[in-house]
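4 protein chains.
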Amino acid sequence: MAVRAAVAGASGYAGGEVLRLLLAHPEVEIGALTANTNAGQRLGALQPHLQPLADRVLQATTPEVLAGHDVVFLALPHGQSAAVAEQLGPDVLVVDMGADFRLKDAADWERFYGSPHAGTWPYGLPELPGGRAALEGSKRIAVPGCYPTAVSLALAPAYAAGLVEPEAVVVAASGTSGAGKALKPHLLGSEVMGNMTPYGVGGGHRHTPEMIQNLSAAAGERISVSFTPTLAPMPRGILATCSAKAKDGVTGDTVRAAYEKAYGDEPFVRLLPEGQWPATAAVYGSNAVQIQVAYDEAAGRVIVISAIDNLTKGTAGGAVQSMNIALGLDETTGLSTIGVAP
Amino acid sequence: MAVRAAVAGASGYAGGEVLRLLLAHPEVEIGALTANTNAGQRLGALQPHLQPLADRVLQATTPEVLAGHDVVFLALPHGQSAAVAEQLGPDVLVVDMGADFRLKDAADWERFYGSPHAGTWPYGLPELPGGRAALEGSKRIAVPGCYPTAVSLALAPAYAAGLVEPEAVVVAASGTSGAGKALKPHLLGSEVMGNMTPYGVGGGHRHTPEMIQNLSAAAGERISVSFTPTLAPMPRGILATCSAKAKDGVTGDTVRAAYEKAYGDEPFVRLLPEGQWPATAAVYGSNAVQIQVAYDEAAGRVIVISAIDNLTKGTAGGAVQSMNIALGLDETTGLSTIGVAP
Amino acid sequence: MAVRAAVAGASGYAGGEVLRLLLAHPEVEIGALTANTNAGQRLGALQPHLQPLADRVLQATTPEVLAGHDVVFLALPHGQSAAVAEQLGPDVLVVDMGADFRLKDAADWERFYGSPHAGTWPYGLPELPGGRAALEGSKRIAVPGCYPTAVSLALAPAYAAGLVEPEAVVVAASGTSGAGKALKPHLLGSEVMGNMTPYGVGGGHRHTPEMIQNLSAAAGERISVSFTPTLAPMPRGILATCSAKAKDGVTGDTVRAAYEKAYGDEPFVRLLPEGQWPATAAVYGSNAVQIQVAYDEAAGRVIVISAIDNLTKGTAGGAVQSMNIALGLDETTGLSTIGVAP
Amino acid sequence: MAVRAAVAGASGYAGGEVLRLLLAHPEVEIGALTANTNAGQRLGALQPHLQPLADRVLQATTPEVLAGHDVVFLALPHGQSAAVAEQLGPDVLVVDMGADFRLKDAADWERFYGSPHAGTWPYGLPELPGGRAALEGSKRIAVPGCYPTAVSLALAPAYAAGLVEPEAVVVAASGTSGAGKALKPHLLGSEVMGNMTPYGVGGGHRHTPEMIQNLSAAAGERISVSFTPTLAPMPRGILATCSAKAKDGVTGDTVRAAYEKAYGDEPFVRLLPEGQWPATAAVYGSNAVQIQVAYDEAAGRVIVISAIDNLTKGTAGGAVQSMNIALGLDETTGLSTIGVAP
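Protein chains in written order, with the UniProt record's numbering: chain A, 1 to 342; chain B, 1 to 342; chain C, 1 to 342; chain D, 1 to 342.
Check each hint, because a few of them may be wrong.
Short, incomplete list of chain A residues facing chain C, as computed with Cβ under 8 Å [stated by the list, open to error]: (1) TYR13; (2) GLY162; (3) THR176; (4) SER177; (5) LYS181; (6) LEU183; (7) LEU187; (8) LEU188; (9) VAL192; (10) MET193; (11) PRO233; (12) PRO235.
Keeping only pairs whose Cα atoms sit at most 27 Å apart, straight-line, the calculated DSS-like set for lysine-lysine is [to be verified]: (13) LYS245(C) <-> LYS261(C); (14) LYS245(B) <-> LYS247(C); (15) LYS247(C) <-> LYS181(A); (16) LYS247(D) <-> LYS184(B); (17) LYS261(C) <-> LYS247(C); (18) LYS245(C) <-> LYS247(B); (19) LYS245(D) <-> LYS184(B); (20) LYS181(B) <-> LYS184(D); (21) LYS104(B) <-> LYS139(B); (22) LYS247(D) <-> LYS245(A); (23) LYS245(D) <-> LYS247(A); (24) LYS245(A) <-> LYS245(D); (25) LYS245(C) <-> LYS245(B).
By construction, these hints were calculated from the structure, which means they are not laboratory data.
None of the values given here were measured: they were computed from a predicted structure.
The beta-carbon is built from N, C-alpha and C at its ideal position, and this holds for glycine as well.
Chain A extracted, bound-state conformation (with noise of 0.2 Å):
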């Protein structure tokens, strides 16, 4: 019996990418599909790449809409998860793509983004220790931020095995479909085309408690992160340069020993063979986590980066991910590691 699935918010690029995701997921059946201000617009006229879906419309996002499903993904802005999800009642498969439930806590939350906390679900990123035994059997999961994906990921195995100090500096290069498709001045194509800047610096962006929360947990301490995030001209993709002190003692080999343990199993997650780097065109698309670790003697560092894609691992894909878990289905259900390159 397939698992029908609701998707609000499906005019933007994180509802997009889930329906492109779902159109290929044989285990589920595509439902409601909602918008706010593009409620009554048909989805080909939004979404063009989603050729099966072109003559559905979009209807508004009320209870009624998306009640009878068994999966209800979130791509909504702050703040407004927590109704939408009181309505749908217990028994429904919440996915909240936002940032409404990823932080533990409440003095973050409101110092972050200024508005009361809602709560802490279920997080929705497997690979960390312990994280399927969260998700297993779930109805609610608060699905990662990109970045807080792409650099909990190449952290927390160093932080795991102690072989940094718990200071970590992380920067961060994002193509422009991580802003969304708000109409902002700076998102046009004639001003990120050839154009690197940063934003959020020192502190300010609000992915840095969750990388701070994630990596703290693994390393048993609170750890510091100093986060810089760097908008490139490209649509798609996270590299996620991160480093950190060796430890003494930390030499090229307990560095790749601690990784190798760790994503050894994972379905979704390669070490590089040595030699070889993240690049996010070899991701593009696809649910694949491409790391690679380099210790620098000189400098005392142990540096760390990761690729992914941010629609998928960093936002759709891990939904997807994390809703096979709480299902029951094979994690991989729907997912791949091949990227679309060149």
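Chain A is already provided as a structure; the job is to place chains B, C and D on it using the hints.
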């Protein structure tokens, strides 16, 4: 029982794309992968997006290595396919993604390619009149060129319906992967980004006689094509803007009706709703063809615009589609009309 | 004594480009900078590439602010230029980079722009026959549209020399800055990168009657133009592929000779050596026009391809060039044919 | 009397850029242009953006050809500059845009470049402490590497003012022209568009010892630099994200004050107003350096971000600036802080 497929020329873009599609094909098992100068290398170093095949090692392209497969895809330089096909024997399905067997007219071949004509194989464009019948049960398939795919699908219905005069004008923009992985200065990233430039202007492009062959067959008379290809700053995609003078009595409605009739039942070709225009991004990585028509009354011309992914429908997707037909599988097996966007 | 210039609409792309050029113009002193919704902001926040003007504050576009200048450049939405020009009086040189005064035929204007015709000013394309004479000493200049600049320079010599039939076919690719800074979904970076898509197909683009006006004047008879613009994934540049049926007796040599004669003495237009093709990257940021011609004997057509920077020669550079002529300065003052590449 | 300048290596990106700048330099007359494999070709075929020089023919790089100039710019592969400079004699100003004479420590040179150390020339980064004095009247100039230019200008003030600990972490994104015109598969347009990928990770990049040399000089103690370069999908530009642990008592205000003091009078370096961030597009084609600083209190780090054009300030613009100083010209002659945007 699985179809066992080999790919000769697995390190290039066409070879990589056919592997990407075959990995998702439920009836195919991937066998030998061969290359020339790259033989001996891990595929993961050359095609890092094909993670499931990363540890496969490329072999030399020899009869022994290619023996024992049901299907062999050839992605070889011009002039090499005939010898390989002969060695494979008449019972193996050979799908040639190169140009060697596309043209019927030996004089055309010799004028444009400067070498002896190797012959003519069934032509892998099922959507042309009579296209499917030619492929059913065939053991040899000549996959069309990428530009001829886009242009023939755009104009064949207008010629088949007798709507336009026999002189077509085509200007097409192609992503850089259409030029392959050859190391040429004008293909460097520094040169192509931010740049549009034509090439092969004035009738010199090798795909011209192939377009003429297809359109003349559809029209039942000799069609001339003025073809100007341009290189666009994107990795994939062809946008073909095609036009011809309307015959007397033609209107926007008659044009639209002809295309609705031609493509109403086609699984991969979609005549877009009025007001929506083809976009290469919408077909990125998919086998879909987007088409839109217009009648310019003031200029007296019918304009037809098509968008394809040059590597998918324009090469490897078309190859798999034709393979499906030749093998008696459902034509759409392993293929989709879902693009990767944004 | 310096020429004192004001720019109305200094926060957009045309306004920014004219400021970039005026900063390098040895005879011009930059006066008032005005905007509408952006009035009150520092220019550095809106045009961060114009560092010498970073601390200038944008004023409202009022007659008082614009008074007291020798030249006023208008980069305003359609329909606003007439009122501003009238307030400035007849002694100020007004250079309108908008469309209001380009068309001679009021009916054409009303059909394409849907508003009353404001009049016709001397047309700022000096390279057209009689173009310079119309500008000398003028106090009003209508700067051509970007596409008409590229297309008229490409085809006017062929029509002036009587080489081709009166039905032209034009397909042009433009960088995204041609669409301005308007916040529209299809102009977002995520949408335009990796994408080629047409618009205004079938005769609907507003630049069509302007091309027809120019080419008809050159030909001495009515020329029809089938014009298809496409949006290319680059910030700047227009590549126009233009063709028409050759008249009897025309050869490649007669075509080349006509263009050598037309442009041999032009400072900004260069007929490239045979074998070299126009490239938008080669004219990036410059006032240069690259042109190449071909005669396709099999198709019986003359093909002319031109490349310009839509913001420079296509808008602000053309405006400065015409200003130079109107003021009696050397036409090339402050302008160059040196592109920024790669 | 004009300064007569020759360029050895005029067919590459550095050579093309220095010619672009020299064409606009009022005191320079361009003399011999030489190349190696491209000798005998028209410059227009190789550098089509340099229209005024299109008909110049490249000569072989010989002492005879380079004789008789006041200045010779060298854009040669590593290891060739010493021999050429010796032949030119001590009275000619030789500006080496390669690496041969940048490093003071012979052991560093040999470790990173694998060849004997050729010596050390005055270093062409005038904005460093003592930088101008070293260049005045000099007949030899070693132009800095592009990354060291961006990183040294970003971090030197913090080290000179004693604000940060001696362990710097740098992640920089570079446009593809930084890799030159070499025909390598990973530099093909199909590979770089849509892609971010690191290289030389873990301390292996040759620019690392040059950064350490500059920052250690500013600090008066040995600085370590963890440097990760990444290749970004754009032709030009470097965005360098640099950070180090703040010393006790440092605040956002002390950091800002140090940079205002360091760069308040610099013609090319601009500390941006608070709230505005460096962008490579804003310095495209210009000699400007944009810098912004932040203090991340939670992470205890000072973050400094700089943006340059790697070919202009990062190579040829820096070369011309240093030439101006060496020749006693105004330092800004022929250079600007006006970028080409959008």
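Going down the list of hints, with the structure as the test:
1. TYR13: The hint holds - TYR13(A) has a Cβ within 8 Å of chain C, the shortest such distance being about 7 Å.
2. GLY162: 40 Å, violated
3. THR176: Holds: closest Cβ of chain C sits about 4 Å from THR176(A), inside 8 Å.
4. SER177: 5 Å, holds
5. LYS181: Check passed: Cβ of LYS181(A) comes within 6 Å of chain C, closer than 8 Å.
6. LEU183: 4 Å, holds
7. LEU187: Holds, about 5 Å.
8. LEU188: 5 Å, holds
9. VAL192: Hint on VAL192(A): holds, closest Cβ of chain C at ~4 Å, below 8 Å.
10. MET193: Where the cut-off is 8 Å and the nearest Cβ of chain C is about 5 Å from MET193(A), the hint holds.
11. PRO233: 7 Å, holds
12. PRO235: 5 Å, holds
13. LYS245(C) <-> LYS261(C): 21 Å, holds
14. LYS245(B) <-> LYS247(C): The hint holds at about 17 Å.
15. LYS247(C) <-> LYS181(A): This hinted pair is violated, its Cα atoms lying about 50 Å apart.
16. LYS247(D) <-> LYS184(B): 51 Å, violated
17. LYS261(C) <-> LYS247(C): 19 Å, holds
18. LYS245(C) <-> LYS247(B): 17 Å, holds
19. LYS245(D) <-> LYS184(B): Not OK: LYS245(D) and LYS184(B) at ~45 Å, beyond 27 Å, violated.
20. LYS181(B) <-> LYS184(D): 10 Å, holds
21. LYS104(B) <-> LYS139(B): OK: LYS104(B) and LYS139(B) at ~18 Å, within 27 Å.
22. LYS247(D) <-> LYS245(A): 17 Å, holds
23. LYS245(D) <-> LYS247(A): Roughly 17 Å between the alpha carbons, so the hint for LYS245(D) and LYS247(A) holds.
24. LYS245(A) <-> LYS245(D): This hinted pair holds, its Cα atoms lying about 12 Å apart.
25. LYS245(C) <-> LYS245(B): 12 Å, holds
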